[in-house]
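Produce the entire structure from the sequences given, and follow the hints as far as they go.
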Amino acid sequence: MRGMDIELKDVSIRFGDFTAVYPTNLKVNAGEFFSILGPSGCGKTTILRMVSGFSNPTSGEILIGGQSMAGIGPDKRPTALIFQSLALFPLMTVRENVAFGLEMRGMARGPRNDKAQELLDLVALGDQGEKIPDELSGGQRQRVAIARALAVEPAVLLLDEPLSALDLKLRQHMRSELRDIQRKTGVTFIYITHDQGEALTMSDRIAVMKAGVIEQVGTTDQVYNEPSTAFAATFVGANNMFKGKITKTSKGEAEIETKYGLLRGTNPQNLSTGSEAILFVRPEKTLVLSGKEKAENTIDVTYERRDLEGAFVNLHFQREDNKFTVHQTNVDLKSFDKGDQCTIGFDARAAMILPDGELADE
Amino acid sequence: MNSLRSSFGPVLSLVIMGLVGVWVVGMIIGPQLIMVEQSLWNKEIGGEAAQISTRIDRLYNEVDTLAFDKSDAEALDESTDRTEKIAAITAEIDTRKSTITELEATEVKPIKVYSFRNYTLMGASHFFIFLKTIAAAVAVTVIAFVVCYPIAFAVAKVATPGKAAMIMLFLIIPYSINELLRIFAWLMILDNNGVANLILGWFGFESIPFLGSGSGVFIAMVYAYILFMVFPIYNTVETLDGSQIEAARDMGASTWQIHRKIVIPHAKPGIAVGCIMTFMLSAGSFAVPNIMTRGIAEPWFTQLIYNKFFESSNWNTGSAYAFTLVIACIVFIFMMMRFFGVGIKDIAK
Ligand SMILES: Nc1ncnc2c1ncn2[C@@H]1O[C@H](COP(=O)(O)OP(=O)(O)OP(=O)(O)O)[C@@H](O)[C@H]1O
Ligand SMILES: [Mg+2]
Numbered sequence: 003m004r005g006m007d008i009e010l011k012d013v014s015i016r017f018g019d020f021t022a023v024y025p026t027n028l029k030v031n032a033g034e035f036f037s038i039l040g041p042s043g044c045g046k047t048t049i050l051r052m053v054s055g056f057s058n059p060t061s062g063e064i065l066i067g068g069q070s071m072a073g074i075g076p077d078k079r080p081t082a083l084i085f086q087s088l089a090l091f092p093l094m095t096v097r098e099n100v101a102f103g104l105e106m107r108g109m110a111r112g113p114r115n116d117k118a119q120e121l122l123d124l125v126a127l128g129d130q131g132e133k134i135p136d137e138l139s140g141g142q143r144q145r146v147a148i149a150r151a152l153a154v155e156p157a158v159l160l161l162d163e164p165l166s167a168l169d170l171k172l173r174q175h176m177r178s179e180l181r182d183i184q185r186k187t188g189v190t191f192i193y194i195t196h197d198q199g200e201a202l203t204m205s206d207r208i209a210v211m212k213a214g215v216i217e218q219v220g221t222t223d224q225v226y227n228e229p230s231t232a233f234a235a236t237f238v239g240a241n242n243m244f245k246g247k248i249t250k251t252s253k254g255e256a257e258i259e260t261k262y263g264l265l266r267g268t269n270p271q272n273l274s275t276g277s278e279a280i281l282f283v284r285p286e287k288t289l290v291l292s293g294k295e296k297a298e299n300t301i302d303v304t305y306e307r308r309d310l311e312g313a314f315v316n317l318h319f320q321r322e323d324n325k326f327t328v329h330q331t332n333v334d335l336k337s338f339d340k341g342d343q344c345t346i347g348f349d350a351r352a353a354m355i356l357p358d359g360e361l362a363d364e
Numbered sequence: 007m008n009s010l011r012s013s014f015g016p017v018l019s020l021v022i023m024g025l026v027g028v029w030v031v032g033m034i035i036g037p038q039l040i041m042v043e044q045s046l047w048n049k050e051i052g053g054e055a056a057q058i059s060t061r062i063d064r065l066y067n068e069v070d071t072l073a074f075d076k077s078d079a080e081a082l083d084e085s086t087d088r089t090e091k092i093a094a095i096t097a098e099i100d101t102r103k104s105t106i107t108e109l110e111a112t113e114v115k116p117i118k119v120y121s122f123r124n125y126t127l128m129g130a131s132h133f134f135i136f137l138k139t140i141a142a143a144v145a146v147t148v149i150a151f152v153v154c155y156p157i158a159f160a161v162a163k164v165a166t167p168g169k170a171a172m173i174m175l176f177l178i179i180p181y182s183i184n185e186l187l188r189i190f191a192w193l194m195i196l197d198n199n200g201v202a203n204l205i206l207g208w209f210g211f212e213s214i215p216f217l218g219s220g221s222g223v224f225i226a227m228v229y230a231y232i233l234f235m236v237f238p239i240y241n242t243v244e245t246l247d248g249s250q251i252e253a254a255r256d257m258g259a260s261t262w263q264i265h266r267k268i269v270i271p272h273a274k275p276g277i278a279v280g281c282i283m284t285f286m287l288s289a290g291s292f293a294v295p296n297i298m299t300r301g302i303a304e305p306w307f308t309q310l311i312y313n314k315f316f317e318s319s320n321w322n323t324g325s326a327y328a329f330t331l332v333i334a335c336i337v338f339i340f341m342m343m344r345f346f347g348v349g350i351k352d353i354a355k
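Chains as they are written, first to last, in our numbering: chain A, 3 to 364; chain B, 7 to 355.
Among the clues, some could well be false.
[Claimed, not checked] Quick list of in silico lysine-lysine cross-link-like pairs, DSBU-like style, CA-CA up to 35 angstroms:
#  : chain 1 : residue 1 : chain 2 : residue 2
1  : A       : K186      : B       : K267
2  : A       : K261      : A       : K171
3  : A       : K11       : B       : K49
4  : A       : K133      : B       : K91
5  : A       : K117      : B       : K163
6  : B       : K274      : A       : K212
7  : B       : K274      : A       : K117
8  : B       : K169      : A       : K133
9  : A       : K29       : A       : K11
10 : B       : K274      : B       : K163
11 : A       : K171      : A       : K247
12 : B       : K267      : A       : K212
13 : A       : K29       : A       : K186
14 : A       : K261      : A       : K212
15 : A       : K78       : B       : K49
16 : B       : K169      : A       : K78
17 : A       : K117      : B       : K267
18 : A       : K186      : A       : K247
[As the list claims (entries may be wrong)] DEER-style ranges, computed between Cβ atoms:
#  : chain 1 : residue 1 : chain 2 : residue 2 : range
19 : B       : S182      : A       : R107      : 46 to 56 angstroms
20 : B       : C335      : A       : T60       : 30 to 40 angstroms
21 : A       : T21       : B       : S182      : 39 to 49 angstroms
22 : B       : T261      : A       : E132      : 53 to 63 angstroms
23 : B       : S9        : A       : G140      : 28 to 38 angstroms
Calculated from the structure, these hints are not laboratory results.
Don't be surprised by glycine CBs; every beta carbon is placed ideally from N, CA and C.
In C-alpha cells, the structure reads:
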C-alpha cells in the first residue's frame, strides 16, 4: 500500500474579508477513496489546492503521512493534482504528457518511455501514445490526465471534478475505472464532486460540505442513512420533508407537530421538546397506503404524475405547496389518475427528525 | 473574399479590396520596384558628355554677363549709338542661346547603362559596417528578448490585474513622447558628462564613454523598441491556461523547466513576431544611431544609405545599399521562422 494519510488540523483560509473555508478538522486514511461532496462554490477546490500546496492555509496545519506540509511547495509534496480543466499540455504527445513528471525528475528517455507505456496500458490507452491531446475524446483525455498524475508515483491523488465534462454514459464507465485504478494502485484518492451519485458509488467515505464548512463525514451508508444535518439530508439523495416543532420525546423517538398533524420519527440527536425541527423520510421508505394497509404516520395527498425510470418509478404527490415522492420498484404497480385522492405513510423507524436548518437547493 | 463580402456587403468589400490594392501597389510594390530599378543602372558620364556640359555651363554664364551689359546700355540716354549697342548685344545673346539649345539637345539624352555595378561598389569598410549593423541588430533583438520576456510573463501571469495595468501604463506612457525626445533623453543620461557617469563618479568609478563605444546605441535601441517585443509575447502568454503552469509545477518542474517546456513553446509565435519586429526596426533605424553616435562612433548602415542619397546624391548606389538591407531583413525573417518552427499562419494568429 503506497497511499498516505492526510490530516487537516483547524485548517481555514480567507481571501481578503471572505472566508472560503472555516476551521476544519479532517482525517483521510491511507489508501482510502475519499470524496468531498458539496454544491458549487462551497470551497472544495480551495481545500484541494491547500492539500496540494498551491495555496497556504490562513490558519491550521496540513499533515501528509504524519509530516507537516507547512512551507513545502507543490513540487515537493507526495501529492498529484488532477485539475478541473485537466490541464494537459496541448503541444506534447500523450506519451510526452505522461512522461513529463519523470522527465522533470531527470529520468532518461528509455526508462521513462517504458514507464509511460505501462501507465498508458493501465488506463487502456496503450496505442494512443503518439497522438496529441486534442485528437482524443473527452474520456481518453481524462485517462491521460490520470496516467500523467500517477506517473510521479504520488501517495495521494487529488481529483477535482474530473468527470464533470463527460456525458452520462462515459461518466458511469469512468467511475468504475477510477475505482479500479484506485484499488490497483493503493493510492489515497481525494475526489471532489458536486454529484452525490458519483460520491456514493465510488467512495469509501464522504465529506459533505456547505459554504466553507464540512457538515458531515462518514461512510457512504452513514451519510445516506444517517445524515446529521438538514443540508446533508437533502443534498445526498432525496427526502420528503415535514417542518414543525417537537412536542414529545421518548426513547430515541420524538413526535413533531406539523401542518398535517402529529408525526413520529426517530430522534438521533436527542432534540428536546419545543425545538424547531424537520422530519425527513426517504421516498423509498414512503408507502402509498391502500385501504387495508396501516402505517404509524399517514398524510392525505393528491396524485400528480409519475416518472418511469425503467426498473423503478417515482410517484409524485402534492398537498398545497408541498410535494412528496414515493419511490417504488416496477412490479405489480397500481396506477392512478391525476387528481386521485391517496394516502401516503411511513413508520416512525423509517423517519428521522433533525434540527431545522438550511436545505440544499432544488 | 466571400467571407469579406458576407461580413461587409458587396460595395464595402469592393472598397476595402480597392484600398488594400492601392496600398499594396502604391506603398509596397511600387517603391520597391523603383528602388530595385534605380539600383540596376548608372548614368554614363563619358569624356565628351562632360565637355559638353561644361560648355553649356560656360555659355549660360556668358549669357548672364551679356544681359548685364544690355541693361547698362539701356540705361544710357536715347541715341543711335545706344540703339546699335543694344542690337549688337541682343544678337550675341541670341547666337549663344541657339548654341545652348543645340548642345542641350545632344546632352538631354541620358546614357543609362544597366548593370550590377552598384552592388559591387560597396567597399570593404562599408561591407564591414553592413555586417556590424546586422550583428548589432541581432544583439539588440536578443537583449530586448531577455529584458522583455520576464516583463511580459509577469504582466500576463503573475501580477494582479491592477498591477498589470499599472506596469502596462508605465510601459506605454513614454511612447506618447516623440521618439526623438526619448532618444535625446538617453543622450543626456549616457553622455560623458551625463547622469550615468555622474552616478558612477559618486561611487568612484571612472567615467565610461557610452556614446563613443557605441553601447549607447544598444541601450537606446532596446528601450526604443521594447514595446514591440513586450506586446506580442504578452499576447501569447496571456492565452496560456494558468493551470498548465501549476500542473507542471505539481509534477516537479523547476521554474526554468516550466518556462522552457511549457511557457516558451506556447509563446513561440509571439516571440517570433517580437524578434522579427525588433530586428527590422533596429536594423533599419536611422534616428537612434544618428543621434547616439553623432560621428563619435562608427556609423550604422542606415546612415551610409542616407549619405548616399542625400549627401553624395548618388541615388543608384543608395538604392543598391537599401535593397541589400531589405534582402538581409527578409533572410532574417525566414531564419527566425525556421528557428522557431512557426509558419506564416501561426504568426498571423
Ligand atoms: N483566489 C481566490 N480569491 C478570492 N476568492 C476565491 C479564490 N479562490 C476561491 N475563492 C472563492 O472561494 C469560494 C470557493 O471556491 P472553490 O473554487 O473552492 O469552489 P468549489 O467548491 O470548487 O466550486 P465548483 O464546484 O464550482 O468548482 C468561492 O466563493 C470563490 O469565489
Ligand atoms: Mg472547484
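- prompt: Which hint numbers does the structure go against, in order from smallest to largest?
  reply: 2, 3, 4, 6, 8, 11, 12, 15, 18, 20, 22
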